[in-house]
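Line order of the protein sequences matches chains A and B. Per my numbering, residue 1 is the first one in the first sequence, and the count goes up by one each step. Per my numbering, residue 1 is the first one in the second sequence, and the count goes up by one each step.
Hint data in this document are derived by calculation from the structure and do not stem from the laboratory. Quick caveat, the model's predicted, so the values are computed rather than measured. Please note: incorrect hints may appear among the correct ones.
[To be verified] No farther apart than 27 Å at their CA atoms in a straight line, the calculated lysine-lysine pairs in the DSS-like style are these:
1) A:Lys-91 - B:Lys-7
2) A:Lys-368 - A:Lys-379
3) B:Lys-185 - A:Lys-314
4) B:Lys-9 - A:Lys-368
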Amino acid sequence: MPDIYLDNNATTKVDRAVVDAMIPYFTEYFGNPSSIHRFADGVAKAIKKARGQVQELLGAEHDSEIIFTSCGTESDSTAILSAIKCQPNRKEIITTAVEHPAILNLVDNLEKEGYTIHRMPVDKCGRLNLESYKKLLSDQVAIVSVMWANNETGTIFPVVEMAEMAHEAGVMFHTDAVQAVGKIPMMLQDTKIDMLSLSGHKLHAPKGIGVLYLRRGTRFRPLLRGGHQERGRRAGTENTASIVGLGVACELAMQHMEFENNQVKAMRDRLERGITEQIPHSFVTGDMNNRLPNTTDIAFEYIEGEAILMLLNKAGIAASSGSACTSGSLEPSHVMRAMDIPYTAAHGTIRFSFSRYNSMHEVDEVLKVMPDIVAALRKLSPYWDSVNNCPVADPEQAFQPTYA
Amino acid sequence: MWDYSDKVKDHFFNPKNAGAVAEANAIGEVGSISCGDALRLTLKVNEDTEVIEDAGFQTFGCGSAIASSSVLTEIIKGMTLDEALKVTNQDIAAELDGLPPEKMHCSVMGREALQAAVANYRGEEWKDDHEEGALVCKCFAIDAVMIEEMVWANKLRTVEDVTNYTKAGGGCAACHEDIEAILEKVLKERGETFDPNAAPVAKPEAAKAEKKPMTNLQRIKKIEEVLTALRPQLMADGGDVELVEVIGNTAYVNMTGACNGCQMAAMTIAGIQQRLMEVLGEFIKVVPASEMSKLVNIEGAGHA
Numbered sequence: 001m002p003d004i005y006l007d008n009n010a011t012t013k014v015d016r017a018v019v020d021a022m023i024p025y026f027t028e029y030f031g032n033p034s035s036i037h038r039f040a041d042g043v044a045k046a047i048k049k050a051r052g053q054v055q056e057l058l059g060a061e062h063d064s065e066i067i068f069t070s071c072g073t074e075s076d077s078t079a080i081l082s083a084i085k086c087q088p089n090r091k092e093i094i095t096t097a098v099e100h101p102a103i104l105n106l107v108d109n110l111e112k113e114g115y116t117i118h119r120m121p122v123d124k125c126g127r128l129n130l131e132s133y134k135k136l137l138s139d140q141v142a143i144v145s146v147m148w149a150n151n152e153t154g155t156i157f158p159v160v161e162m163a164e165m166a167h168e169a170g171v172m173f174h175t176d177a178v179q180a181v182g183k184i185p186m187m188l189q190d191t192k193i194d195m196l197s198l199s200g201h202k203l204h205a206p207k208g209i210g211v212l213y214l215r216r217g218t219r220f221r222p223l224l225r226g227g228h229q230e231r232g233r234r235a236g237t238e239n240t241a242s243i244v245g246l247g248v249a250c251e252l253a254m255q256h257m258e259f260e261n262n263q264v265k266a267m268r269d270r271l272e273r274g275i276t277e278q279i280p281h282s283f284v285t286g287d288m289n290n291r292l293p294n295t296t297d298i299a300f301e302y303i304e305g306e307a308i309l310m311l312l313n314k315a316g317i318a319a320s321s322g323s324a325c326t327s328g329s330l331e332p333s334h335v336m337r338a339m340d341i342p343y344t345a346a347h348g349t350i351r352f353s354f355s356r357y358n359s360m361h362e363v364d365e366v367l368k369v370m371p372d373i374v375a376a377l378r379k380l381s382p383y384w385d386s387v388n389n390c391p392v393a394d395p396e397q398a399f400q401p402t403y404a
Numbered sequence: 001m002w003d004y005s006d007k008v009k010d011h012f013f014n015p016k017n018a019g020a021v022a023e024a025n026a027i028g029e030v031g032s033i034s035c036g037d038a039l040r041l042t043l044k045v046n047e048d049t050e051v052i053e054d055a056g057f058q059t060f061g062c063g064s065a066i067a068s069s070s071v072l073t074e075i076i077k078g079m080t081l082d083e084a085l086k087v088t089n090q091d092i093a094a095e096l097d098g099l100p101p102e103k104m105h106c107s108v109m110g111r112e113a114l115q116a117a118v119a120n121y122r123g124e125e126w127k128d129d130h131e132e133g134a135l136v137c138k139c140f141a142i143d144a145v146m147i148e149e150m151v152w153a154n155k156l157r158t159v160e161d162v163t164n165y166t167k168a169g170g171g172c173a174a175c176h177e178d179i180e181a182i183l184e185k186v187l188k189e190r191g192e193t194f195d196p197n198a199a200p201v202a203k204p205e206a207a208k209a210e211k212k213p214m215t216n217l218q219r220i221k222k223i224e225e226v227l228t229a230l231r232p233q234l235m236a237d238g239g240d241v242e243l244v245e246v247i248g249n250t251a252y253v254n255m256t257g258a259c260n261g262c263q264m265a266a267m268t269i270a271g272i273q274q275r276l277m278e279v280l281g282e283f284i285k286v287v288p289a290s291e292m293s294k295l296v297n298i299e300g301a302g303h304a
């Protein structure tokens with residue numbers, strides 16, 4: 001049975017070179033980087049090197065703009081809570097309806113505390129309306145937080161342009177870039193982005209390490225106070241080995257940037273084309289022309305995502321779904337709902353996300369099994385006419401359950 | 001991925017009775033496309049005997065929804081309509097060796113489809129009487145709608161109240177923030193403010209009754225009642241159960257027939273224990289009578 005991993009937006013395999021670089025920091029150079037003895041020798045230097053490697057990948061102007069955190073979520077929380085603490089008179093926050101829960105649940109909570117939250121809607125392709133965005137910007141807004149790329153569809157938001165607009169209005173701008181960093185090139189020093197979150201495990205570094213990029217001069221209040229680590233901006237003993245690993249992962253991402261945007265993209269495109277050509281009533285969600293190179297999110301109408309995943313898993317293929325059932329909630333993914341994807345399709349969305357470890361051969365394997373999986377589940381579906389192998393005429397009308 | 005039992009996986013990967021039954025004379029349609037679950041159950045009922053001769057399902061839903069539908073059709077085939085109506089969602093879940101709390105609604109959907117189909121056969125109108133909300137308490141599978149209704153109906157004020165009335169929050173306690181949020185919301189609508197230190201309201205009657213310890217005689221009688229109710233089901237599978245002794249909260253039973261010594265015995269005992277605890281409202285341990293001697297000795301030693 002094949003062993004095909006196409007869930008790289010969820011997390012990635014740690015690169016062998018990353019693991020190798022980390023090991024000595026568990027076993028030999030395990031000293032506290034603040035200590036003055038031979039066990040700590042070189043540890044602070046290793047952290048400095050990693051900081052430089054992250055700086056390089058982000059295109060940041062200074063390495064002191066890189067603050068190591070524990071994960072993307074911590075970076076997101078730090079950024080938003082810092083902005084509101086610095087500007088207690090500003091009681092509004094602008095974000096989008098399709099952010100990651102790391103942002104959405106945080107602002108939901110701030111709403112209860114009295115903040116006004118503007119969750120910008122998206123169109124059917126997952127795009128924002130910049131005209132309405134402009135109207136929301138005012139001196140009441142503490143921070144704008146907009147993701148660089150969407151985790152489900154891969155749709156890229158024009159964050160560079162939006163940061164310029166915020167800057168002109170005198171509003172801080174944060175971007176959750178955990179899906180974008182390492183997949184598309186960026187040069188933060190040429191932008192007006194004030195803060196950016198990244199997560200190590202999305203780019204072949206381990207879980208439990210993240211970064212908050214903080215532009216020099218941006219007003220800041222730490223989330224964790226304590227020791228002097230990270231220049232007092234994030235207290236807590238450094239996660240040395242993971243920091244070193246993230247540095248290596250960033251360097252590897254730089255080296256593979258072209259590969260990601262050519263070969264990885266070619267795999268994605270082949271899978272996408274193959275599936276939508278072979279399988280009727282399937283379509284790609286999101287902004288086809290403006291997406292991460294590694295992501296495709298395909299809706300299979302009249303069937304449910306978790307069931308598809310279980311059959312894929314049986315065939316040795318790992319992917320993920322925006323269906324309600326995979327999360328334990330009753331609603332399908334908020335991203336699908338925001339794009340107004342009908343329920344019959346939203347529950348059947350499958351995200352395939354590639355990495356540089358995938359191959360064209362794997363794409364062909366998926367293309368071999370996918371049509372049968374979809375056909376098998378449609379045979380069970382009350383919305384599918386098995387005799388004529390098509391959706392029942394007017395599916396929404398034909399099946400009218402008691403409490404629809 | 002969910003921690004599905006092998007039985008759930010088996011019914012999902014090899015569904016039984018998939019598709020619509022030809023010449024069905026009882027059709028039940030339930031579910032909601034917005035929740036991602038919809039089930040059409042078709043039955044062929046013998047008009048003289050009311051025996052379900054054939055059953056088929058069509059399901060739009062996740063792995064456990066398909067498995068619940070499949071196992072439901074297996075359970076009810078050969079039953080009369082009246083027998084089938086006694087099938088509960090717990091029966092469906094038990095037949096699948098359990099479902100994750102988030103997935104219990106799949107078994108509820110199965111039972112409702114069955115009720116709807118029987119109503120359809122009898123020319124009655126079936127009305128769904130429950131509304132489902134987001135799952136709050138994962139330990140006891142209690143959703144937000146249920147909690148909100150209980151808070152309204154019983155004028156509950158604290159998390160402790162909610163636990164007393166619904167069980168929600170009585171396990172790992174991780175959902176207390178969510179319960180407080182519901183209390184805050186309802187109390188606000190009622191024109192009051194939520195005070196975490198408010199005195200709890202009176203406990204529900206059922207909980208009060210639970211507090212008063214049962215006499216041993218009452219307990220034995222209750223246990224007998226439950227076992228008697230369970231026996232037909234066991235006998236249908238070629239087995240039987242007999243109550244041998246009750247010591248404290250431990251019930252010693254003899255499993256006979258097909259149940260005895262079979263691999264399913266342990267599971268059946270767990271099922272009986274679950275049912276006993278539900279009915280008696282207290283912790284009951286069910287142990288095979290074969291283990292009585294050593295346990296009695298331990299008990300005896302404890303009393304000495």
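Query raised in the report: Against which earlier hints does the structure fall short, listed by number upward?
Result: 1 and 3
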